[in-house]
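From first to last, the protein sequence lines stand for chains F and L. Take any residue in the first sequence, count from 1 to its spot, add 34: that is its number in the numbering used here. Take any residue in the second sequence, count from 1 to its spot, add 34: that is its number in the numbering used here.
Hint data in this document are derived by calculation from the structure and do not stem from the laboratory. Take these hints with a grain of salt, some might be off.
Since the list gives no way to pick one copy over another, a pair counts as held whenever it fits inside one copy or between any two copies.
Mimicking BS3-like on lysine-lysine, the simulated pairs with C-alpha atoms at most 27 Å apart in a straight line are [unchecked claim]: (1) Lys181 x Lys204; (2) Lys221 x Lys127; (3) Lys224 x Lys148; (4) Lys148 x Lys221; (5) Lys209 x Lys224; (6) Lys173 x Lys221; (7) Lys224 x Lys173; (8) Lys204 x Lys127; (9) Lys185 x Lys204; (10) Lys148 x Lys225; (11) Lys120 x Lys67; (12) Lys185 x Lys173; (13) Lys192 x Lys209; (14) Lys192 x Lys173; (15) Lys75 x Lys127; (16) Lys225 x Lys209; (17) Lys209 x Lys185.
All values reported here derive from a predicted model rather than from experimental measurement.
Residues per chain are reported as follows:
Protein chains: 2
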Amino acid sequence: MGRVITVARQFGSGGRELGRRLADDLHIAYYDKEILEEIAKRTDFSLHYIQQVVEKNPVPLFPIHIGSSFTATSNPLFDQNLEIFKQQSEIIKEMAHNSDCVIVGRCADYILEKDCHPFRIFVYADLDARVERCRLRAKEGEDTSTKSLAKRIRQIDKGRRRYYEFYTSKTWGAKENYDVLINTTGKDIKKLARIVAANFEDETSL
Amino acid sequence: MGRVITVARQFGSGGRELGRRLADDLHIAYYDKEILEEIAKRTDFSLHYIQQVVEKNPVPLFPIHIGSSFTATSNPLFDQNLEIFKQQSEIIKEMAHNSDCVIVGRCADYILEKDCHPFRIFVYADLDARVERCRLRAKEGEDTSTKSLAKRIRQIDKGRRRYYEFYTSKTWGAKENYDVLINTTGKDIKKLARIVAANFEDETSL
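All chains, please: the whole structure from these sequences, using the hints.
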């Protein structure tokens, strides 16, 4: 089978690092921000605007499914969101079709579910561990108090949850939607990536 | 570190088989029904009665925690349940202390959490896959209609959930309580066990 691995993750859990290391270990493509750049190329939207939409997804008006037709509504902002998601879905499908890859976030597990049965990973960790991880990676001048970091983590995850649930009508992080869920609390991401990669390298591949 | 692995599982997901194979692959002890036999040896309760209590846990009167003292109540049935759980907790701790092992079910993840930081696995699968697995393993004369099997699966899992949540005050199957959650839908349990075992065998051990 083609190796398409999707990684969804709580903010600060190390999911992105796990995905990147996994792609490195397996010598396959890694897609993350590249998807947004590709959307920008194919549409009239700027990369900055797309980032805004994807990361700070405006409050949706009503739930839709990818399968539904994308009919125009009377709300231009909403139409733009739909257009970006549609483009994103197409790009993700193309990427998965063209080569083995790891795709982080972007509802890729759901988008690819029927097309290529990706191996779907969800990465999470205790809040304390995520706060600590964010603190270690904070930029200079950033408020690194536990309160502030925990608030930011919750806000970002709320956005991810809302985005995922809006476009998929499934519960973000619910085990039913993934093949494996990995708790990174107290774990070494490098080792974890090697272990997951090993599952795809030998004859015991899933 | 000592290798203590706990396996909680949805009924019909193959969790017990995964646990047994894992213990075989790692050449470590496997505890499941042995725990009940040990309780019977240490108490006045028959094995049959203990099985009834553990598998068809009567409706509890109020939630308790393991840490609480087990004071006598005015309800003999409830007292017996508490006594059995107390014995079970002690036996599980002894087993984990004495040797590397795999322990299936029995709130072992929670009981051992503070003592020896077990590697906590939760095994699950889609309902269709669990129905199919139960059908393949049905005894002669058993009603193997999808409706009947699905009903039985739901009933047993309801009991497991209630039992776990009563004694631990945590949510059964919620990812926060485990190190890894494995979806066995469409997977070969033998291969899965080998993969998990490999994580404990080499230098990349978690």
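Tested hints:
Proximity of Lys181 and Lys204 under a CA criterion of 27 Å is satisfied inter-copy only: 25 Å between copies versus 30 Å inside one chain copy. In this assembly of identical chains, Lys221 and Lys127 lie within 27 Å of each other by CA distance solely across copies; the values are 24 Å between and 32 Å within a copy. For a Cα distance limit of 27 Å, the shortest separation of Lys224 from Lys148 across copies, 26 Å, qualifies, whereas the shortest one inside one copy, 30 Å, does not. In this assembly of identical chains, the alpha carbons of Lys148 and Lys221 lie at most 27 Å apart only when taken from different copies (17 Å versus 32 Å within one copy).
Taking identical chains as interchangeable, the C-alpha atoms of Lys209 and Lys224 lie at most 27 Å apart whether they share a chain (23 Å) or sit on different chains (21 Å). Proximity of Lys173 to Lys221 under the C-alpha cut-off of 27 Å is restricted to the intra-copy arrangement: shortest distance 23 Å within a copy versus 43 Å between copies. Taking identical chains as interchangeable, the C-alpha atoms of Lys224 and Lys173 lie at most 27 Å apart only when both belong to the same chain, with a minimum of 22 Å there against 46 Å between chains. Within a single copy, Lys204 and Lys127 get their C-alpha atoms as close as 19 Å, which meets the 27 Å cut-off; across copies the closest is 39 Å, which misses it.
Taking the shortest alpha-carbon separations for Lys185 and Lys204, both the intra-copy value of 24 Å and the inter-copy value of 24 Å come in at or below 27 Å. In this assembly of identical chains, the alpha carbons of Lys148 and Lys225 lie at most 27 Å apart only when taken from different copies (24 Å versus 31 Å within one copy). Only within a single protomer do Lys120 and Lys67 lie at most 27 Å apart by alpha-carbon distance; the minimum there is 16 Å, versus 52 Å between protomers. For the homomeric pair Lys185 and Lys173, the shortest alpha-carbon distance inside one copy (17 Å) is at most 27 Å, but the shortest distance between copies (54 Å) is not.
Taking identical chains as interchangeable, the C-alpha atoms of Lys192 and Lys209 lie at most 27 Å apart whether they share a chain (18 Å) or sit on different chains (17 Å). In this homomeric assembly, Lys192 and Lys173 come within 27 Å of each other (Cα to Cα) only inside a single copy, at 22 Å, whereas the closest approach across copies is 47 Å. Within a single copy, Lys75 and Lys127 get their C-alpha atoms as close as 16 Å, which meets the 27 Å cut-off; across copies the closest is 60 Å, which misses it. With identical chains, the CA atoms of Lys225 and Lys209 are at most 27 Å apart both within one copy (23 Å) and between copies (20 Å).
For a Cα distance limit of 27 Å, the shortest separation of Lys209 from Lys185 qualifies both inside one copy, at 25 Å, and across copies, at 21 Å.
In this structure, none of the earlier numbered hints is contradicted; all agree with it.
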